[in-house]
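Quick note, the sequences are listed as chains A and B, same order.
Numbering-wise (the numbering used here), the first sequence opens with residue 1 and increments by one.
Numbering-wise (the numbering used here), the second sequence opens with residue 1 and increments by one.
Keep in mind that a hint or two might mislead.
With the C-beta cut set under 7 Å, the calculated list includes, among others, these residues of chain B facing chain A [what the hints assert, rightly or not]:
#, residue
1, Leu89
2, Asn187
3, Leu188
4, Gln192
5, Thr193
6, Ala198
7, Glu202
8, Asp203
9, Glu208
10, Ala209
Just so you know, these hints were derived from the structure itself, not from any lab.
Model, not experiment: these values are computed from the prediction.
Ideal placement from N, C-alpha and C gives every residue a C-beta, glycine not left out.
Single-letter residue listing:
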Amino acid sequence: MTLLELRAVDKIFGGLHAVRGVSFRVEKGSIFGLIGPNGAGKTTLFNVITGVYTPEHGQILFDGKNIAGLRPALIAERGVARTFQNIRIFRAMTVAENVMVAGHHLHKASIAAAMLRTRGYDRDEHALAKRAHELLEILGLAELASEVAGSLPYGSQRRLEIARGLMLSPQLLLLDEPAAGMNSQEARTLNDQIRFLRDQLGLTVVLVEHNMAVVMNVCESIHVVDHGETIAEGTPAEIKVHPRVLAAYLGEEEPGKAAST
Amino acid sequence: MRAIIRSVVVAAALLSIYALQMGVELAFTEYVQRIILLAGINVILAVGLNLINGTTGQFSIGHAGFMAVGAYGAAFVGVKLAGPVHGALGTGGLADAVIFNLALLAGALFAGISGLIVGMPSLRLRGDYLAVVTLGFGEIIRILFNNASFLGSATGYFGDDPSGLPAYTNFFWVFAWVSAIVVLIHNLTFSQTGRSLAAIREDEVAAEAMATPTTRLKVTAFAISAATAGIAGGLFAHMQAGVRPEDFRFEKSIDMIVMIIVGGLGSISGAILGGIFVAVSLELMRDLQQYRLVLYALLLIVIMIVRPQGLLGTRELHHLLRRKKPARPSAPTESV
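So here's chain B without its partners, still in its complex pose (with noise of 0.2 Å):
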């Protein structure tokens, strides 16, 4: 019964954005929906990063790096896989979506590898270690990638064929991704697993002493998160010709840090809110480039002042419309 259901249900979400994505094309110029996915992009980042910042309390400030190996992991294997697949599916429609979404899960596959990498030895220990880790990889990553010749070096990944990655990103995909990752998360976040996390953030020593498994659960929310940012990677990857290096700098991290923060720590709904407010904010600061950062960083204090718990705080938003008491509110503000 839960199968069928369950089903229906998928495929009506399914059909109805495959419905929205026809009326988007007809209804927006190209340049309003390359916002729209970006927007999409940005809340799986920001759905990702809240697990390990905002539920789990550990601070990662390098998510712009699991981001580049998922983009370049994807470009990369899709790259691959296109020759086998089209010799076997031929050249159509279906064909398409296998390679591009094999390549994503590939992505994110090689984006939660190089999670455990950078988890397993720095949240072993409290505190801010794992800031500093993640900082440092983030900027190693880029370098890697900067001088790695068979991924194009600084120029970028552009696949082999001259007219770049094909631009297989489109409406439909990224907001099947979006749905299909805040499901998965917010049903880990409302689970046993998600009470573990939050008792990680809340008091470390006593959930220890609740025989919570403490690292392995850091570790693993530590892989899920990087792995949802490489999806986000591959999708980003796949929307324009090619990746480069530059694409994932640390403005990037910070980029995802301001989404979660201001839609408020440890809430999916206020990082999809988030997400959707820097795509938004990014596009209209356009002219002021790199300055923006100086915006991002006045927005932060006069959040921190006025309303320290960002958006929703802790809340959902499912909690706020059924007026009910929220199930984990206050997030420890303090560490933002």
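The following block holds chain A by itself, in its conformation from the complex (with noise of 0.2 Å):
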């Protein structure tokens, strides 16, 4: 069953073409690649997902609905969370604060109830810090729960976009660049984690990645662009020997002038 499905999308910032008709579909509960050389297109992608840009053409059907051109805090309403690539927590804010700012699900009581501290908003607020602290526990940031979260560690920082995301009980992830800054080990335990974020959680994965050990370890699809467009979609095995692939991430080879230089 597919979760998310772009089809023929278009977004272009005054000349610049910075996607041009991509279409793919990611199914449920898979984790799916999209990797591409800088300036492909990717984050765009994101964007275009999450409501931060409305795409010229094409549509974005989310769980079969529409969802091109929604706000981005009702696309993640209807379960669509992200994490950013240049980090984007509330960094003023505890750890703890950080997840339960996503948790507006959870608490239903009123502005009037908070400002009285009604029984009903004890109750919500209970809630939503008992399951901001499993998802702390989940990504191993619990410790962490009361520190003022700019002063984490950059992976922890990544791991804390995640867990606020998950706050959002969402269906689908899209982590941007998730690996980014984290050491050899600390990617290795990301893979753990966002493989038992699918296989427990039951989420459905989007990931951009430059880390090609975590992609073509954890990601069972691939979509590669550049350009703004697609040049190659198919499983890690596939993309590995793709020509256009090589060809985009390493340059094309001339006849002729490769032995000479």
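Put the two chains together into one complex, using the hints given.
Here's what the structure looks like:
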């Protein structure tokens, strides 16, 4: 069953055609990789899917419904969580507070109830804190819960973003370079955590990543873009030997010139 | 159980404010009492403004406008209510209390509605638009009152009675309202809504990606902030014989910003200290008149250099007393 489907999506910034006719399907419960050289349009695709940008053409079907052009908060509410390439945590707030912010659906109490601290408010607050703690536990951040988020090391901040996204109880999790800035040990842990999210929480994961060890290890299918266009799709094994992918990453061998230089 | 405990706490608080009032009236001259009342009104202004400028990270520099709406609204409604309420309840203290508090709530309502009207278009946008719009609003409102003949135009509104507005405002009512507003705003700040407001301050894009209804929350917080300024305005109006447009000049908005920056943007305890500080320092600098703004400017520069986070940063006094880790430290000082 398809959870996310892009149909011929175009995104244009002035004269720059950042995404051109990209289509792909992400099956429910899969781990899907989106790769390509720098500036290929991967993050733009994430921004189009999550509503930060409205695509000029094409459809984005999430769970069968077109979400193209909806406001980010509405798309998030429907079950699309994301992390950011350049970490965007709430730096001055604690780790636990960061996660709790994403828990509106667990906190139904009104503003008046919050001001008067009613029984219902306390109950929701308690449920929220408990859920946040569970998620921090999953990502190995539980003992840092009362630390100020901005003071965490880079890798922990990335995991905090994932925990915060999970608080939305999403169906789909978009990870934008989750392994960036992580050492190889942390990256291996990340692999396990991504699999855990899929296997135990039933999430569908789409990741943009430059760390090929992570991509090839964890992804089941991979979509490659370059200059905003699809150049290949397939399993990790197929992508590794695909001539257009190699050309995009390593440059093309020009006949006769290769030997001379 | 909770309801019983709370009623007891509220009753005890009101009783102790009442007892304090007796003490204050015995111990201090009328001049000092007036400064204490002004300090209380300032605390309401500062705590309300801090919700929007400190916690949410938006910047209003026209809050004197909302105070003016509350002041005129409360004064007008108070005058119009006096007849019917006196008719129903006689002329005792109870009737006065009913008129006064209904008038204050009406002022808060008017100010809150004008907050909605100002906030709805300007808070959709990111950045400094709110500052520009509120600056304009503050001036427009003052000029409107300057020309509204049914509110006395430039002379000010003094009600129908030649002796001016009734002086309802006293220590008891000011500090009952101060306590209520501080508790309510504190509860709001340390709730899921407060977390969401702080998240908007920290990173609006990320807040939105986490399903935070950013515009709705900002507008709501702004309206609440405007309504508290309205209460302060109503208390202010009934402290003197009338309300005049020049009570709500741009300097008044600057006073409010000084209050929250001195105390620490984002801290309720800081706002309380800042409110008291400004009331006292205004009195000490009375002879300087508008030149006090020069001193304020110097003071702000010194604070920005020596202690950019203000007296308390974003910490609360009870965090310091408990020596616990602050819940939400290091406000973004660049938003100042």
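Here is how each hint holds up against the structure:
Evaluation of the Leu89(B) hint against chain A yields a violated restraint, the C-beta minimum of about 28 Å exceeding 7 Å. Against a cut-off of 7 Å between C-beta atoms, the interface hint on Asn187(B) holds, since the closest Cβ of chain A lies about 5 Å away. Because the smallest distance between the Cβ of Leu188(B) and any Cβ of chain A comes to about 5 Å, under 7 Å, the interface hint for this residue holds. Here the hint on Gln192(B) is kept, as its CB sits about 4 Å from the closest CB of chain A, short of 7 Å.
Given the 7 Å rule on beta carbons, the hint for Thr193(B) holds: about 5 Å separates it from the nearest Cβ of chain A. Given the 7 Å rule on beta carbons, the hint for Ala198(B) holds: about 6 Å separates it from the nearest Cβ of chain A. Because the smallest distance between the Cβ of Glu202(B) and any Cβ of chain A comes to about 4 Å, under 7 Å, the interface hint for this residue holds. With 7 Å as the threshold, the beta carbon of Asp203(B) comes within range of chain A, its nearest partner Cβ sitting at about 5 Å, so the hint holds.
Taken as an interface hint, Glu208(B) checks out: its beta carbon lies about 4 Å from the nearest beta carbon of chain A, inside 7 Å. A least Cβ separation of about 5 Å between Ala209(B) and chain A falls short of the 7 Å threshold, and the interface hint therefore holds.
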